[in-house]
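Undergrad: Below are the chains, spelled out letter by letter.
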Amino acid sequence: MQKAFGKKSIILLFIFPAFLVYTLFVIVSIIWAGYYSFFDWSGVGEKVFIGLQNYAELLIKDEVFRLTVWHTVIYTVINVLIQVFGGLLFAILLSRVTKGRTILQTLYYVPVVISSVAICQIFSKLLSVTPTGVVNQLLSVFNPALKVMEWTSNPNISLYVTAFVEGYKYLGLYMVIFYAALIGVPDELGEAARIDGASLFQEYWSVRIPYIKPVIIANCLLVLNGSLRSFEFSYLLTHGGPGNASELMTTYMYKQAFTSMKYGYGSAVAIMIVIICLIVGVIFKKLTGEEAEG
Amino acid sequence: MKKKMFAVLLAAVVSVSAVLTGCGQSSDSTGAAGENASDAQGNSDASAQSTGERTKITALLKGTESTEQFQVFDYLLSNFCEERGLEYEIELVNDMQDYFTKLQMYINSNTLPDIYGCPNGTLSRACLDIDAMVDVGAELERNGYYDKMNGAIIDFLTDADDGNLYLFPQGLYCEYFMYRTDIFEQAGVTEAPTTWAEFEEACEKIAATGEIPVIVGGSDAWQLMRYLSFSPWRVTGSDFITDYQAGTDSFSENESAEYAVELLNRLGTEGYFEPGFASVDFTSACNLFFGGTGAIFYTGSGQIGLAEDMYDEGMLGFFPVPDTEGMDNMSTNVPIHAGFAEGFNKATYDDTMQDFFDYMCENFSESCYTKAQIFSPFNEELPEGLPQLYYDTQPMFATAETAWTSWDDKLDSDVLTKIVDEQQKLAQGITTPDEFIDTCDSLISK
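Just so you know, the protein sequences line up as chains C and H, in that order.
For the first sequence, our numbering begins at 1 and goes up steadily by one.
For the second sequence, our numbering begins at 295 and goes up steadily by one.
Please note that the accuracy of each hint is not assured.
What the hints assert, rightly or not - Pairs of lysine-lysine, BS3-like flavour, derived with a Cα cap of 25 Å: (1) H:K350 x C:K47; (2) H:K396 x H:K350; (3) C:K47 x H:K499; (4) H:K442 x H:K665; (5) C:K99 x C:K125; (6) C:K285 x C:K213; (7) H:K396 x C:K147; (8) H:K704 x H:K499; (9) C:K61 x C:K47.
Stated by the list, open to error - What follows is a list of derived Cβ distance ranges for each label pair: (10) H:T503 x C:G226: 46 to 54 Å; (11) H:G679 x C:F142: 51 to 59 Å; (12) H:N388 x C:G289: 45 to 53 Å; (13) H:W516 x C:I275: 30 to 38 Å; (14) H:A454 x C:F142: 53 to 61 Å; (15) H:G482 x C:A145: 41 to 49 Å; (16) H:N388 x C:I10: 46 to 54 Å.
Calculated directly from the structure, the hints in this document are not laboratory data.
No residue lacks a Cβ here, since even glycine has one placed at the ideal position from N, Cα and C.
All chains, please: the whole structure from these sequences, using the hints.
TA: Now the structure itself:
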């Protein structure tokens, strides 16, 4: 049996279905998007070949696209902070709790299983201004002016609010992964550190967290990837607004293709997203790979 | 050898997937599609086989089972199909964007159903390009219903290019402002405003009493866009927006358009709209106003069901779109439109579908009033037993000949999307009227 699994043909047989599905739904889609990006096409009617004109406009003239790239970077940083570092913090705290750990773990995980649409609906009600939502009602106890505090319709903070909501939803997921990694750290290591006189902070900072570094890197990559492609929270909570204040690359792509009916231009935006994701992925891999080697 | 085999396998996979994808993508034929109606007939699953008897009528409609278009067509199709021993199938897509995507897919593959919801504009033009639209005007002439249809509705749906009528109205919708009589009285506003200056004066008085003057669903593009469109519509009809799109007029050159820009900015920044209006959608705005918040709300006949009780208790009044002072306003002051209209697929329009069309015309009014609670597009006497608001608002549009000019239909999708983003910034005071005008005027010159 073990011998059979060692054969390349058998390995290929197992890999083939996933490879086929991946090719069909990812690679082919990207190729088609690339093809459409060379056309001026409204989605209906004749396609007009315009070569690289969509890309030229996107990279040279389109200020909104540049803005969405910057927004996506901010959005990604916030999500990495909340999901990875917040998740790690919660996992550490959870690993220190002895009573009611399962209940807390379940409670933190609940948002992960709730659909994004429901989460956005909950937050739009919580953060509502008219009628006054729970958040503003509570804040108005401290300062009455905060009763009309705008969260999703304030252009200065709508992007951060949207990023926070996505971070909130997935924090529990990464917390569980970190928690599983933390309880896998051999107790002997912690005990040895404590015998050597390390404080609790030092024990985690110098022993336990370095031990789970591969998990942290993997989670960072997952969050990075998810945030760069994030769509639903910005679209459902703010529609990318007000104006373009919380517009991300993905919502911009959707608006261009389906609202503005510029399928060719929208496809060019999609290809740029793929390229940016690849560049960020390669840079991150290079940085973390070099660090691991060092 | 193994490397070669792997390469061959990889090539095969890519080829197979490309072929499979190609099968699902018939959009390549779009350019030439539609020239051959029999192709469409062959492709369509509308059951209008040229060789056999029709067994089914298919429809694609926007909305849910509780929306007017479904209720009207479900009623008509179920009765008609029961009489004829046919089946019917209504495909519903609720989200507007998803609906447009679906419709585009059907147009591209030339497989439109027998009946499909379609707004008058880019998409109806695309349907016409593939010869998939029955001349509804000619059909109405044939069965004698053309003269019975409201003039403004015909005006609203008439094709801008050839002047024909290819779409059948969803219903007759009229829009007006509703106001709370008790709040007006408390604020000392004795008469409903007839000009925008009076409107703003009323807002100021209402705000001084601590009430919210105007409720608006600012996250739904059309709600804020109405305030941008009112003044140009009353002063120029459809001329401003048509000329703007054509590049022969602009916000900076048109007095009424400039007035509207400043009006929207003032209403938003003076605090006359509810706090956080930019994140309130139309449904929430309806809930707010008919739940007792705010003094004025721009609504219409589609919300009679919600307004009925408060109106009967004397808590609500209504007034039409105010005049723009200092300019010549046209006499029609109630926006009238046909909602999301329906097209009939020419490729599958056989004798049965023609019979259904006649049956639909005969029973449309009954279906509108009993099932969907909307006005019928045919000028007929209102049946008894309807909420009082129907009888009181009907005289406002009974003889109207000029339709509402919907900017959504007139503007290019890309320009429309950008104006939608800009109008929200204008109403929130993020941009000034001058910046708004500069930006919007540059959209066309680009």
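Undergrad: Each of the hints needs a verdict: does it hold here or not?
TA: Structure-based check of each hint:
{"no.": "1", "hint": "H:K350 x C:K47", "in the structure": "violated (34 Å)"}
{"no.": "2", "hint": "H:K396 x H:K350", "in the structure": "holds (21 Å)"}
{"no.": "3", "hint": "C:K47 x H:K499", "in the structure": "violated (56 Å)"}
{"no.": "4", "hint": "H:K442 x H:K665", "in the structure": "holds (21 Å)"}
{"no.": "5", "hint": "C:K99 x C:K125", "in the structure": "violated (33 Å)"}
{"no.": "6", "hint": "C:K285 x C:K213", "in the structure": "holds (14 Å)"}
{"no.": "7", "hint": "H:K396 x C:K147", "in the structure": "violated (42 Å)"}
{"no.": "8", "hint": "H:K704 x H:K499", "in the structure": "violated (36 Å)"}
{"no.": "9", "hint": "C:K61 x C:K47", "in the structure": "holds (22 Å)"}
{"no.": "10", "hint": "H:T503 x C:G226: 46 to 54 Å", "in the structure": "holds (49 Å)"}
{"no.": "11", "hint": "H:G679 x C:F142: 51 to 59 Å", "in the structure": "holds (54 Å)"}
{"no.": "12", "hint": "H:N388 x C:G289: 45 to 53 Å", "in the structure": "holds (47 Å)"}
{"no.": "13", "hint": "H:W516 x C:I275: 30 to 38 Å", "in the structure": "holds (36 Å)"}
{"no.": "14", "hint": "H:A454 x C:F142: 53 to 61 Å", "in the structure": "holds (57 Å)"}
{"no.": "15", "hint": "H:G482 x C:A145: 41 to 49 Å", "in the structure": "violated (28 Å)"}
{"no.": "16", "hint": "H:N388 x C:I10: 46 to 54 Å", "in the structure": "holds (48 Å)"}
Checked against the numbered hints above, the structure breaks hints 1, 3, 5, 7, 8, 15 and satisfies the rest.
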